[in-house]
Amino acid sequence: MFEVTLPFPEESLNFPTEVPIFPLEGASLLPGEPMPLHIFEERYKTMTESALSEGKFMAIANVRPGQSLTEGIFGLGRIAMDERLPDGRFNLVLIGLKRIRVRALTQERPYIKAEIEVVEDAYSQTAVNTINTLSKEVYGLGKDVMGMKKDGQSEVSYADLDSLPYDLLPLGMLCDLYSAALALPPLEKRMMLEETDAVKRAEKLIFTLRFELSRLRTGGSARLPLQ
Numbered sequence: 001m002f003e004v005t006l007p008f009p010e011e012s013l014n015f016p017t018e019v020p021i022f023p024l025e026g027a028s029l030l031p032g033e034p035m036p037l038h039i040f041e042e043r044y045k046t047m048t049e050s051a052l053s054e055g056k057f058m059a060i061a062n063v064r065p066g067q068s069l070t071e072g073i074f075g076l077g078r079i080a081m082d083e084r085l086p087d088g089r090f091n092l093v094l095i096g097l098k099r100i101r102v103r104a105l106t107q108e109r110p111y112i113k114a115e116i117e118v119v120e121d122a123y124s125q126t127a128v129n130t131i132n133t134l135s136k137e138v139y140g141l142g143k144d145v146m147g148m149k150k151d152g153q154s155e156v157s158y159a160d161l162d163s164l165p166y167d168l169l170p171l172g173m174l175c176d177l178y179s180a181a182l183a184l185p186p187l188e189k190r191m192m193l194e195e196t197d198a199v200k201r202a203e204k205l206i207f208t209l210r211f212e213l214s215r216l217r218t219g220g221s222a223r224l225p226l227q
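Letter by letter, the sequence shown follows residues 1 to 227 in our numbering.
Don't read these hints as lab results, they were simulated from the structure.
It cannot be assumed that every hint is accurate.
Stated by the list, open to error - In silico PhoX-like links for lysine-lysine, alpha-carbon gap of 25 Å or less:
# : residue 1 : residue 2
1 : 204       : 136
2 : 56        : 45
3 : 136       : 149
4 : 204       : 149
5 : 143       : 200
6 : 143       : 204
7 : 56        : 136
8 : 113       : 56
9 : 45        : 113
What the hints assert, rightly or not - The calculated label-pair distances, taken between Cβ atoms and stated as ranges, are:
#  : residue 1 : residue 2 : range
10 : 110       : 132       : 45 to 51 Å
11 : 168       : 80        : 19 to 25 Å
12 : 80        : 104       : 43 to 49 Å
13 : 105       : 144       : 41 to 47 Å
14 : 105       : 168       : 20 to 26 Å
Quantities reported herein were computed from a predicted structural model and do not represent experimental measurements.
Each residue gets a CB set at the ideal place from its N, CA and C atoms; glycine is no exception.
Sequences are here, hints too, so could you generate the full structure?
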């Protein structure tokens with residue numbers, strides 16, 4: 001079982017300007033989300049060794065077919081747990097830290113490295129009271145959904161989410177933590193990752209939480225995509 005957790009304290013990290021890029025179609029890494037990885041290809045074993053010796057940073061790039069790595073928003077993470085197996089394979093747990101853009105590729109073989117830019121959350125011109133209201137609604141709906149899923153077969157630990165200081169967390173971080181805990185389908189999760197405006201992200205998540213709560217209460221199985 002992996003716990004959704006707060007990202008590493010930013011004051012303890014110096015974010016790199018160049019990192020290894022792990023292209024992984026269909027996988028999006030949100031800030032605060034743990035992602036288990038099994039590394040077995042030779043080029044990615046080399047990439048892992050490099051990352052472990054250079055700050056443990058790695059980016060996960062959910063690249064669509066035909067999409068350039070210099071397009072889109074990806075997830076920067078840091079290796080929190082690593083296990084090297086006797087045959088050279090690795091088991092890793094990567095913790096999401098930040099959204100990033102790729103500015104330029106600096107290496108393509110044997111694995112990709114790129115110059116990156118950290119993308120901070122933007123906020124629409126919205127009153128503080130509105131942001132506080134959105135935070136409260138995300139927390140309330142999220143807690144209700146998590147409560148109804150406690151008896152299911154989820155792999156997420158809900159203990160920390162139940163006690164989140166939602167009024168002290170930035171709205172964007174709160175949305176990311178609940179989005180990770182909800183185990184959204186790949187397309188919906190990607191849309192949450194790519195939404196850099198925290199207010200718009202909250203509105204999308206509230207829409208999804210309301211639908212998910214209704215689905216759970218009625219015993220339905222359908223899931224409505226993010227709008």
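Now for the hints, and whether the structure bears them out:
no., hint, verdict
1, 204 - 136, "holds (15 Å)"
2, 56 - 45, "holds (13 Å)"
3, 136 - 149, "holds (20 Å)"
4, 204 - 149, "holds (20 Å)"
5, 143 - 200, "holds (20 Å)"
6, 143 - 204, "holds (17 Å)"
7, 56 - 136, "violated (35 Å)"
8, 113 - 56, "holds (14 Å)"
9, 45 - 113, "holds (14 Å)"
10, 110 - 132: 45 to 51 Å, "holds (49 Å)"
11, 168 - 80: 19 to 25 Å, "holds (23 Å)"
12, 80 - 104: 43 to 49 Å, "violated (28 Å)"
13, 105 - 144: 41 to 47 Å, "holds (44 Å)"
14, 105 - 168: 20 to 26 Å, "violated (39 Å)"
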